[in-house]
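K.L.:
Protein sequences, first through last, are from chains A and B.
Be aware that the first sequence starts at 1, since it is given in our numbering, and climbs by one per residue.
Be aware that the second sequence starts at 1001, since it is given in our numbering, and climbs by one per residue.
Honestly, the hints are just simulated from the structure, not real lab data.
Note that the Cβ used here is the ideal one computed from N, Cα and C, for glycine as well.
Careful, some of the hints might be misleading.
To be verified - Chain B residues, not near chain A, derived (Cβ > 10 Å throughout): (1) Asp-1014; (2) Asp-1030; (3) Leu-1080; (4) His-1082; (5) Lys-1126; (6) Ser-1131; (7) Met-1157; (8) Asp-1164; (9) Val-1239; (10) Ile-1289; (11) Lys-1316.
Unchecked claim - With beta-carbon atoms standing in for the labels, derived distance ranges: (12) A:Glu-172 with B:Asp-1128: 55 to 63 Å; (13) A:Asp-196 with B:Glu-1020: 34 to 42 Å; (14) B:Gly-1161 with A:Glu-256: 56 to 64 Å; (15) B:Glu-1020 with A:Ser-131: 30 to 38 Å; (16) B:Glu-1172 with A:Asp-87: 29 to 37 Å.
Number of protein chains: 2
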Amino acid sequence: MSDVTEILTDYSKDVKAVIEDYLSSIDPEDLQKSSVYLTEAGGKMLRPALTLLSSQAVGGNREDALKTAAAFEMIHTFSLIHDDIMDDDDMRRGKPSVHTVWGEPLAILAGDTLFSKAFGLVITSKEDNISADRVAESLAVVADACVKICEGQALDMGFEGNFDVQEEEYMEMIFKKTAALIAGACKAGAIVGGADSEVIDAMYEYGRLIGLAFQIQDDYLDVISDEKDLGKPVGSDIVEGKMTLMVVKALSEANEEDKEKLVKILSDPESPQEDVDIAIDLFNKYGSIEYAHDVALSNVNKAKEILNILPNSSSKDALALLADFVIERKS
Amino acid sequence: MSDVTEILTDYSKDVKAVIEDYLSSIDPEDLQKSSVYLTEAGGKMLRPALTLLSSQAVGGNREDALKTAAAFEMIHTFSLIHDDIMDDDDMRRGKPSVHTVWGEPLAILAGDTLFSKAFGLVITSKEDNISADRVAESLAVVADACVKICEGQALDMGFEGNFDVQEEEYMEMIFKKTAALIAGACKAGAIVGGADSEVIDAMYEYGRLIGLAFQIQDDYLDVISDEKDLGKPVGSDIVEGKMTLMVVKALSEANEEDKEKLVKILSDPESPQEDVDIAIDLFNKYGSIEYAHDVALSNVNKAKEILNILPNSSSKDALALLADFVIERKS
């Protein structure tokens, strides 16, 4: 794990510098500050690291992929800002969320600005020996991921209060909401690194698989962690009635009585801790926590197999480590 | 004027078809419907017409510029959806606004989706004999216009309650908020039409000038129209305390007593009609209505002069007609 932390820290410094520099010209000042705020607050910077490593793993130059990598972090940040408005979340990265500090109108604009700037940044990678064809190809990847993020968030909102969601629908939702951007980050890295189309597609699939595992692990941690590691109360997804693979699995396996009990708890936005514990007991009774972990693990293993298409290199090793990290992290 | 209506109607049919087709694949259904809603509601489609005419005027093919043209309309629509949320406007194009129908969270997403799709659409123009270099160049224009729209909206919000705004600051705000996208639509048309850089820059300048005139005319109509033509009460900008060139001019010319009177009316969100009439009288007293009209007219005349760089053609004539239309329209 410390290897992974080193990798992420190494890349995140460069990426942060590119983003902060590129956003510095925004005017007026409150729009500039609200746009750069979450980047200054930190974050794992997993997506840009994946772009940079994917590019290097196919023989590309680290410097040349930096702008495209930074753009993926900016798209991620844009989606966090807008999601926090939609979900009315007050906190993000240990700080008050953007709309909590600057109000909703400016937070909407800060997200829109990051979005616009991200596309602009990918285009400027033309200055870095990337051909116009490859720039257009990476832009298509970014645009496609952005559409999917919106669709995924809309699907997720549509799941609210719907307790008949099937596993396939759930997987489609998290693919769009979470995995598509991670997959896009890997694919765009391979594109700007100069890979052929077979490798480009393989890197998308690697990213899709670890992206799905990433989201399942997020939901899993909400149930199995302690509050100290998690930085928020255990089981808060249950209180919020959020759809997770564990909920989908438990509801599909439970008898009528248990199903009713679970739906009641998930429907109550004021569920006390004892109800949360009952829900977790039901997850355990139907093996859904273990099931979620197994699905995540299986995706990670498949993702690592895909990496065999790449020649051996330290970047390839780092991509395998990041795949493991996705389901080994504690927060 | 009927010529202009014919031109706009002719182009808008094609553009609408491209947009509706391109948005039809969005899933889930409520996101699809909310994204396409304002396009179905109609609108002048001035921006895509400018892209198509600019492309044709430099020797380009109408079909090849269609996707880029449609993208500019989608960016315009995205900004309307988010602006209506920020300004809490209930109506748009004679229908309830998107957030009024679907709620704020889905309206934010519908805007984001249109935004993402617009970039995707410009990229697909690669299929239409547009070189990757020119596609990347038009995308840079779109991204730049989007950043400016956000900056302009933030500047406009920052003007609220600030009665020391100078004419230069006001012009910078409307350039970013309104004129930059119109200028971008013209520039991108010239790019995909294959123009050289001198003509490309000239088309941006033409668009910038008519874009400024467009916004000034919008504000002017609010004061000089009758309610029937305008589709909303005359002087509603005054009630809302909106910054306009007339306000900026009147405040800079007025004596202390009149200035105080005007600030008081602009600061009162419940101003009765008699106060609105007093404000309009003050505009007249200091010649600010005529001044605004003169500035708009002068911009239009300069814009038409710029068109001399183009060879004679019916598209060039149409661009001159559209410049006049911007300040001759009644709504």
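K.L.:
Next, verify each hint and record whether it holds.
P.N.:
Taking the hints in turn, this is what the structure says about them:
no. : hint                                  : result
1   : Asp-1014                              : holds (22 Å)
2   : Asp-1030                              : violated (7 Å)
3   : Leu-1080                              : holds (13 Å)
4   : His-1082                              : violated (6 Å)
5   : Lys-1126                              : violated (6 Å)
6   : Ser-1131                              : violated (7 Å)
7   : Met-1157                              : violated (6 Å)
8   : Asp-1164                              : holds (15 Å)
9   : Val-1239                              : holds (19 Å)
10  : Ile-1289                              : holds (28 Å)
11  : Lys-1316                              : holds (29 Å)
12  : A:Glu-172 with B:Asp-1128: 55 to 63 Å : violated (32 Å)
13  : A:Asp-196 with B:Glu-1020: 34 to 42 Å : holds (36 Å)
14  : B:Gly-1161 with A:Glu-256: 56 to 64 Å : holds (60 Å)
15  : B:Glu-1020 with A:Ser-131: 30 to 38 Å : holds (33 Å)
16  : B:Glu-1172 with A:Asp-87: 29 to 37 Å  : holds (35 Å)
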